[in-house]
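Chains as they are written, first to last, in the numbering used here: chain A, 4 to 376; chain B, 69 to 368; chain C, 986 to 1253.
If you're looking for bench data, these hints aren't it; they were derived computationally from the structure.
Check each hint, because a few of them may be wrong.
To be verified - Residues on chain B that point at chain A, a partial pick, calculated with CB under 7 Å:
no., residue
1, Phe-139
2, Lys-142
3, Val-208
4, His-218
5, Val-227
6, Leu-311
7, Gly-314
8, Gly-315
9, Asn-316
To be verified - Simulated crosslink set (DSS-like; lysine-lysine; CA at most 27 Å straight-line):
no., chain 1, residue 1, chain 2, residue 2
10, A, Lys-275, B, Lys-142
11, A, Lys-250, B, Lys-216
12, A, Lys-275, A, Lys-294
13, C, Lys-1147, A, Lys-89
14, B, Lys-216, A, Lys-362
All figures in this text were calculated on a predicted structure; none of them were measured in a lab.
Glycine included, every Cβ here is placed at the ideal spot set by N, Cα and C.
The lines below spell out each chain.
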Amino acid sequence: MKVGSLSRQLGLAVVAFVLVAACGSTSNNTSATCSESTAKTATSASACGGMDALVAAAKAEGQLNVIALPPDWANYGQIISSFQSKYGITVNSANPNGSSQDEVNAFDGTSNAPDVVDVGQAVALANTTKFTPYQVATWGDIPAGAKEATGLWYNDYGGYMGIGYNPAKVPGGTINSVQDLLGPGFKSEVALAGDPTKSNQGLNGVIMAAVANGGSLDDVSAGVNFFHQLKQKGNYVPVVGTDSTVKLGQTPVLFEWDYLSTSHGKSVPGWKIYVPSNAIIGGYYSQAINKAAPHPAAARLWEEYLFSDAGQNLWLKGGARPVRMAAMTTAGTIDTAAAAALPAVNGTPQVPSGDQTTKASQYVIANWSAAVS
Amino acid sequence: MTAAGNPAVNSAARPDEGGRRISISWLGAAPFFVYVGLFLLLPTAIIVLGSIRTLDGGLTLSNFSGIDKPFMVKAFTNSLGVSVVSALGGAILGAVLAYAVVTGNPNGLLRRIVMSASGVLAQFGGVALAFAFIATISTVGFVYVFLKSHGIDIYPNGVWLYDPPGVTLIYLYFQIPLMVLVFLPALDGIRPQWREATESLGGSTWHYWRYVAGPLLAPAFLGCTLLLFANAFSAYATISALLTNGGNYVPLQVQALLTGETEQSQPGLAQALAVTMVFIVVVVMTLYALLQRRTSRWLH
Amino acid sequence: MTKSRRLKLRVFRVVVLLLMGAFFLMPVGAMLEFSTRGTDVTSPRTLDAWLRIAQTPGLVKGIVTSLQLAVITSLGMLALLLPTMVWVRLRLPRISRIVEFICLLPLTVPAIALVVGLKPLYVWININVTPSVLALAFAYLILVLPYSYRSLDAGLAAIDLKTLSEAARSLGAGWGTVMLRIVIPNMPSAILNASLLSVALVLGEYTVANLLNFQNLQVEVAYVGLTDAPTSTAVAVGALLLAFVLLMVLALVGGRLQQQHYVPGQRA
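Just chain A, same shape as in the assembly (with noise of 0.2 Å):
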């Protein structure tokens, strides 16, 4: 009798324990799937089932919403357009000529709204209540000072800021100073990338005309003060420079980032570019996703994307420097033939830290219509 009971027991404690195994593995293929309310919180690919899940969900969801990026930016034609044939996900690319303002003025709660924005110090540091945190497969290779420790922003890539210029329109065909832009010759032909109240590019450009004319990364107001006598002398246009603008003429001499201004050497012959070498200013860009966005499991799978090997090499090969830059040279997963075209840089690069970017930005939105009104 005891034995039987004893059978009996282990009989009902083998069958409870195969029950249990079974609710379990069951509970463990719940979570192994990303469903929508998971994506919408989860802070890494491993949160929310690990990356096979993530990718079946944002196939799912069969969509991506982006905002601000030029096809020729740091060769994200190339980067949209394979992650479209990779995953099979439509990207819809809305107003690709924004500003990081526009990017997050887009935030408006509707399924137009943008999943992910690639935005500037400024705009990143003033919206992170908009953004919800996530780290990425290769979190650990982004510098500490490159990102936000709970994954609110984390910097994507980045380059120096330049003036390119047209050299048939220049007085003595080369650029020797900025000074050299308040002469005769520059009548209406001085132009900025962006708009420095809402750009990224545009602040970056007015930061750098201030550290070479006497200001520095916490005092702007030389770089603003330039930009007024450029517009007293006749000399600034009040257009944004584009790809068509610099091909048309309307902007032969242009303040951009070396990554962009490479590209203009297809339209304007002998196009070149000159960094002031008292006033090398580095930026980085930022990647956030939206609190709200329409697509959240797609949004993760981007980033995910972008900061593979795959697509930090892409960035390069669009001629900007990726952030994963020195873990993957010592990886050996750089791609080297682009890493060796990147324009040369002599002098000590500066790059504005979060703090001075913010004060440099309100500095210009407070001051900036009055000067070139």
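Position chains B and C against the provided structure of chain A, taking the given hints into account.
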């Protein structure tokens, strides 16, 4: 014959039910009023109320105080200046063109072409117009290059295309057609008999214009000028496309406040600016409506 | 008219028309010239930019969207305004002044100011009605009111509405029949004119669409213009020429239509 309606037919067809019929009749006009109330009056109320409220709901006029900053004042001076000059210029040139058309065949091809072209060009603006002028008279425009190669430099003291004079010239491109559209009917109302009567009384062309046609057309001309002013003052698309990185006009300031960072200004300032714009235009358009009424007495 | 005066008038007309013609045609010519330039100064003229229109998805979408908006706005305008104006003329003549005033109101509120007040309304519409760009038609209907009202009013004034409608009603016609078979066929050119003015306005509208973050034709032209100016210019000048042709056709057809409908009591 049927000016007032035949009472017999009236009462035979529909018995008069007095007050109740009138109130049901109001229902027929209801959809229109509801729609306009929702999409025109409500937004207007939103901006008027928004401009006089603080962030926490109290009433205030402080939002309007942002307008006395020097560059805001400059925005108004620029906008008003460009509007006045382009209105006067457009009115005079448009009236001349309208006269040149009206003296021709009323059913002729020229009149049809000019009216159709005016209908289209009066709406033309934005990036296409800005671009068209850049392609014509900017430093890379073919007119500038052509004149330069013949020794004429239209920019001796700097490029004025992006300054108020340039903007005024660009505005003329849609102001003149608009003037033709709204002033030509008034010119049409001039009867040839009046000219003949003047001549038979011994008057010359000068007498005709000074004492007959001039005074008759003056209210219409003035009214149309005011319409052109309101049109220029409200215009946004063209300057938005021409001056993407600078340029100080009231509509551009409204846009900057709508899309700028929240620390940049009080939220009510955009509404205050909008209300100010509406006020200026309302005053102008009221005068226009009064003048139109005077015109219709003689010229319709 | 004396001979010398006729000559002076003719000289005046020729000079004015030539100068004005030059002023207005030059920028259009510049746009055509720019949109047909070859890749560099030496290459021949090409229609590449025009062909690229079909290959630029943003532009194609913008064209389709604006055409849809134009049709919806025109039909909506006719559906809202025409019955209301007929009703007011027949039943509520006292409020015709009020209706006229309201229809001219949009002229007094600049689009850039109106859109400040429309923004919160459209956020609501986006969530509760439709996020589609075609919701712009709601706002466009308001913008076309002044022009359409004037056209339709002129058309209604030219026909003897009271007699016609009473005659129809006394023969047993309902209001629907009155509208569809009496009113509309008797004012074809006014309706066409109102519709085409609406179409022209919608095709050229930029301010409201841009500030409400919608992509219509003009907004797309502006975007594309920043990266591919020749194609954007091609679309702009194409839309201009199309609108011109449409209005010319209306002018010719409308004139002929007007001659076909004789209304008793109207001066010949």
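Verification of the supplied hints:
1. Checking Phe-139/B against chain A: minimum C-beta separation of about 4 Å stays under 7 Å; hint holds.
2. The closest approach between the C-beta of Lys-142/B and any C-beta of chain A is roughly 6 Å, which is under the 7 Å cut-off, so the hint is satisfied.
3. The restraint placing Val-208/B at the interface with chain A holds, with a minimum CB-CB distance near 4 Å, inside the 7 Å limit.
4. Annotation: interface hint on His-218/B violated; nearest CB of chain A at approximately 20 Å, more than 7 Å.
5. This hint holds: Val-227/B has a C-beta 4 Å from the nearest C-beta of chain A, less than the 7 Å allowed.
6. Hint status for Leu-311/B relative to chain A: holds, with the closest Cβ pair at about 5 Å, below 7 Å.
7. With its C-beta approaching chain A no nearer than about 3 Å, Gly-314/B sits inside the 7 Å limit, and its interface hint holds.
8. A cut of 7 Å between beta carbons decides the hint on Gly-315/B: the least distance to chain A is about 5 Å, and the hint holds.
9. A least Cβ separation of about 3 Å between Asn-316/B and chain A falls short of the 7 Å threshold, and the interface hint therefore holds.
10. Only pairs whose Cα atoms come within 27 Å are accepted, and Lys-275/A paired with Lys-142/B is rejected, the gap being roughly 37 Å.
11. Proposed proximity of Lys-250/A and Lys-216/B is supported: the alpha carbons are some 21 Å apart, at most 27 Å.
12. Using a Cα cut-off of 27 Å, the hinted pair Lys-275/A and Lys-294/A is violated, with the two alpha carbons roughly 41 Å apart.
13. Restraint check for Lys-1147/C and Lys-89/A: the C-alpha separation of about 68 Å exceeds 27 Å, so the hint is violated.
14. Between Lys-216/B and Lys-362/A the alpha-carbon distance is near 46 Å, which puts this suggested pair outside the 27 Å criterion.
Checked against the numbered hints given earlier, this structure breaks hints 4, 10, 12, 13, 14; the rest are met.
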